[in-house]
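Novice: Here is what each chain is made of, one letter per residue.
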Amino acid sequence: MSLLPLDRSRLRLLAVVAVACLAGCGGSQVIVESTFPKPLVEPLPVSMGVIIPDELYNFIYTEDIPDQSLWTIALGDANVAMLAPLFEGMFEQTRDIDSLALAANDSTLDGVIEPKLEKFEFDVPQGERDKFVEVWLQYAITVYDPSGATIIEWPVSGYGKSELARDAEDAVQRAAVVAMREAGATIATKFSEQPQIKVWLGGIGHAAPTIGPQAAAGAAPSAEPPTTPLE
Amino acid sequence: MERLRLIGIAVTLPLIGACGVTARLEPYKQTNAVISEGEHVVVLARKQHSTHEAEEDFVQCISDGLADGKHGLQVHSSKDFEDKMYPWFEPSTAPLSTDDLTVLLARPGVAEQVRETGVRYVVWVDGSTDRVASGGGITCAAGVGGAGCMGLAWWEDDSRYDLTVWDVQDSENEGTIYADYKGRSVMPAIVIPIPLITRPQNHACKGLTDQLRQFLTTPEGYSSPATQADVGG
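Protein chains in written order, with the numbering used here: chain S, 1 to 231; chain P, 1 to 233.
Check each hint, because a few of them may be wrong.
Here are the simulated lysine-lysine pairs, DSSO-like style, with alpha carbons at most 30 Å apart [what the hints assert, rightly or not]:
#  : chain 1 : residue 1 : chain 2 : residue 2
1  : S       : K116      : P       : K47
2  : S       : K190      : P       : K206
3  : S       : K116      : S       : K190
4  : S       : K38       : P       : K84
5  : P       : K182      : P       : K47
6  : S       : K190      : P       : K70
7  : P       : K47       : S       : K38
8  : S       : K116      : S       : K198
9  : P       : K79       : S       : K119
10 : S       : K38       : S       : K119
11 : S       : K38       : P       : K79
12 : S       : K116      : S       : K38
13 : P       : K84       : S       : K119
14 : P       : K47       : P       : K206
15 : P       : K206      : S       : K116
16 : P       : K84       : P       : K70
17 : P       : K47       : P       : K84
18 : S       : K38       : S       : K198
19 : P       : K84       : S       : K198
20 : S       : K190      : S       : K38
21 : P       : K206      : P       : K182
22 : P       : K70       : P       : K206
23 : P       : K79       : S       : K116
24 : P       : K47       : P       : K79
25 : P       : K84       : P       : K182
26 : S       : K190      : S       : K119
27 : P       : K206      : P       : K84
28 : S       : K198      : S       : K119
29 : P       : K47       : S       : K119
30 : P       : K79       : S       : K190
Computed footprint of chain S on chain P, listed as stretches where at least three residues anywhere in the stretch have a Cβ under 8 Å from a Cβ of chain S [stated by the list, open to error]:
#  : segment
31 : 53-63
32 : 88-97
33 : 107-116
34 : 150-164
Just so you know, these hints were derived from the structure itself, not from any lab.
What you are looking at is a predicted structure, and each value in this text was computed from that prediction instead of being measured.
C-beta atoms are modelled at their ideal positions from N, C-alpha and C, and glycine is treated no differently.
Chain P on its own, in the form it takes in the complex (with noise of 0.2 Å):
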């Protein structure tokens, strides 16, 4: 039985080096412009493709990730702008250059609606989170002395999102921040599965949010570099 167990050890400690986070951010903000006081953010998801969404728990996320703590940022919920807009940011009407959006803004009503809400940033998210690869495999059997599991069975996530912020006061693209982080998890059964699970679109919220605070909140010199970096499991 102990030499069972070391085996196991010996086993799953690599595995555990093998799951983990790979990230790659690409900021791009092409304007000085910032948030200020009273203006609000509102982070919406790009519906238009046949595809993929943004997940509606992502673009939750990020919203809660922007308001939260002592700089958060004043954000306006997206269910409630998409309503007090209605019907111009559904699926088949949403603007899709800012060019779009000078002739929707321009329609009466549409502008002033706007500025009702205190609205000054549009953040657009497109991408998704995919099984991108999985493998291996688990066999379990169970007799009269008892049940076990042997096996490795493993799969990749890849996280990919493009944010994209819109000064809606100006028509201006303010610039975009790309994302794509890709996460492997384990799961080894040596009489038990024992599961490792790395979630790429929670590192990619985070890192994300954290990116896009700065993005609306730093003036001139914005230019984080694109990052390449193991975040961890």
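Excised from the complex, chain S in its bound form (with noise of 0.2 Å):
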């Protein structure tokens, strides 16, 4: 007898239903899916490893929200689908990689990305006026050179609304597909923009842009999202 194989997608299934059923197999599941696309910028010339933390591939939020439900809310397979293709488009080289020591001995590597699902936040109305689910979310993105020494600890907010029609959950993860999107959008648009990565993309030989999308994100238009959490 064998058993059947358990890939990191049907773990976080399980998961998502253990920590319902422990609710009493109640509440509200939302797992967060959707295809993002690569971004539409000029890569910046490094080789960079890409290290996805487990706790980014299995994030699950849980919120017991008094007089609603307990939510459970799912978000790792998105955060994989984002993040992958957005470092893709950003770099022309990218390779996952395990760990930072690995990266160390790896003189192929400019520099190492670590990204972090550090805050997330939502909100579901529950008064006839109010039309919006709104999601807020925080990446933390960490550049390390190639001795793992860190470059920059930056943290990328996104938030997302979208209409309360007659299913809340369908509504939430919408909203947090939005709030990725911003998220990536802003990764994308204002990385290279960062002092810390000007002076570690001149130190190893490679300047930013000065013309194109990265570089002139800074003059682009632009109705900045909420940088604090919902309140």
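Starting from two chains that each stand alone, build the complex the way the hints lay out.
Specialist: Here's what the structure looks like:
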């Protein structure tokens, strides 16, 4: 007899089910799933190692909202689906690595990038006048040089809202996708503007592009999303 | 019983007259550009406001309406366009003016990508449908002999939208179409509730789609004056 192979996706699903069952098999479960595009930006001429930590793969947010229900929101798959094409578009070369220690002896890498999802908040309206479900999240993007020294720890937030129709779970899922796309847009357009990144790029002989999407992003018109959590 | 029915009819008929939609459309076109064979149009919602956002269904309704029929235009999918242009048409990065659009198109690869989609016109939809008033009330009761309701409830929805048309080839603002559709619904209850519902958003979609089609296909002399009308329930 053989056991069914349990890949990461199945494990996440099991985890969501387990959390829900521990709470009495009630509540609202949302598994955020979407496809995310590769950004239309000029890739930086660097070779980056990418660490996707297990916490990001298996990110599950739970919150028991008084007078509503227990919410269980799984973002693991969506995190990977968003960040993988994002980094592929931002850097000329990317390679998945398991840990920072493995990058230390790799002379082909210019740096290592490690994203984490630090904060997640959401709000489902109860009043008749409120129309939107809102999601706010914050990633921490850490860039290391090949020796393991931290170049930057950059918090990037994203905000999304979605019209609350009949299905609140569907609205949360859509708002989360908007928030993730927003965070991805900020990472893609503002990464090379960060002073520490400019210094790092200069140090390895790759100046940030002086023209083009990455460089011009600062001049881009923007209606900034909220940078503070939902109230 | 007959008397009750007559009273019901006498009360209901004026109420049917009371519900309906009033519409105001104000188109303004400032150039003579028209859409040509092979050129596409894309309809996008303005999403940077914190208080409102054009409903996804409404944007889809205008897209479908433009593409429909014998003289349907070539309409690019909004989602597909936003994906292909990612991250430049997200709520925080989308151009807010044609000057911003010029800056965006100057970035490497952006103009080429727009050309690849075949999109010549971007239509920005701004606005929303909101409940602006409501009142009345219905009381229901049930007993051994039966159940029934009595009363009257009413509500008024307001669909206000602005369409702004940009020519992405020339980075030009072609003009705007403003629409304000107000609809009043009533629900009298004489034993049973009778909903007499008007949907101003549906009327706004149809009105704006027709106006937008004319806007994009009529070269000179497009000068539909502001119109105000009752368009029925």
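Novice: Give a verdict on every hint.
Specialist: Outcome of the hint check:
1. K116/S with K47/P: 27 Å, holds
2. K190/S with K206/P: 41 Å, violated
3. K116/S with K190/S: Holds - the C-alpha atoms of K190/S and K116/S are around 17 Å apart, at most 30 Å.
4. K38/S with K84/P: Between K38/S and K84/P the Cα gap is close to 8 Å, so the pair holds against 30 Å.
5. K182/P with K47/P: The given pair, whose Cα atoms are some 23 Å apart, holds under the 30 Å limit.
6. K190/S with K70/P: 46 Å, violated
7. K47/P with K38/S: Within the cut-off at roughly 21 Å; holds.
8. K116/S with K198/S: 22 Å, holds
9. K79/P with K119/S: 27 Å, holds
10. K38/S with K119/S: 24 Å, holds
11. K38/S with K79/P: 14 Å, holds
12. K116/S with K38/S: Holds, at roughly 19 Å.
13. K84/P with K119/S: 29 Å, holds
14. K47/P with K206/P: Holds, because 22 Å separates the two Cα atoms, which is no more than 30 Å.
15. K206/P with K116/S: 46 Å, violated
16. K84/P with K70/P: Holds. K84/P to K70/P sits at ~28 Å (cutoff 30 Å).
17. K47/P with K84/P: 18 Å, holds
18. K38/S with K198/S: 23 Å, holds
19. K84/P with K198/S: Measuring from Cα to Cα gives roughly 28 Å; hence the hint holds.
20. K190/S with K38/S: 16 Å, holds
21. K206/P with K182/P: Holds. K206/P to K182/P sits at ~14 Å (cutoff 30 Å).
22. K70/P with K206/P: With a Cα-Cα distance of about 16 Å, the restraint between K70/P and K206/P holds, given a limit of 30 Å.
23. K79/P with K116/S: This hinted pair holds, its Cα atoms lying about 27 Å apart.
24. K47/P with K79/P: 13 Å, holds
25. K84/P with K182/P: At roughly 36 Å apart (the allowed maximum being 30 Å), K182/P and K84/P break the hint.
26. K190/S with K119/S: 20 Å, holds
27. K206/P with K84/P: Between K206/P and K84/P the Cα gap is close to 28 Å, so the pair holds against 30 Å.
28. K198/S with K119/S: 27 Å, holds
29. K47/P with K119/S: The given pair, whose Cα atoms are some 23 Å apart, holds under the 30 Å limit.
30. K79/P with K190/S: Given pair K79/P, K190/S holds - Cα atoms ~23 Å apart, limit 30 Å.
31. 53-63: holds (count 3)
32. 88-97: Since 9 is at least three, the answer is holds.
33. 107-116: With 5 residues in contact (Cβ-Cβ under 8 Å with chain S), the coverage given for the segment 107-116 of chain P holds.
34. 150-164: violated (count 0)
Comparing the model with each numbered hint stated earlier shows that hints 2, 6, 15, 25 and 34 do not hold.
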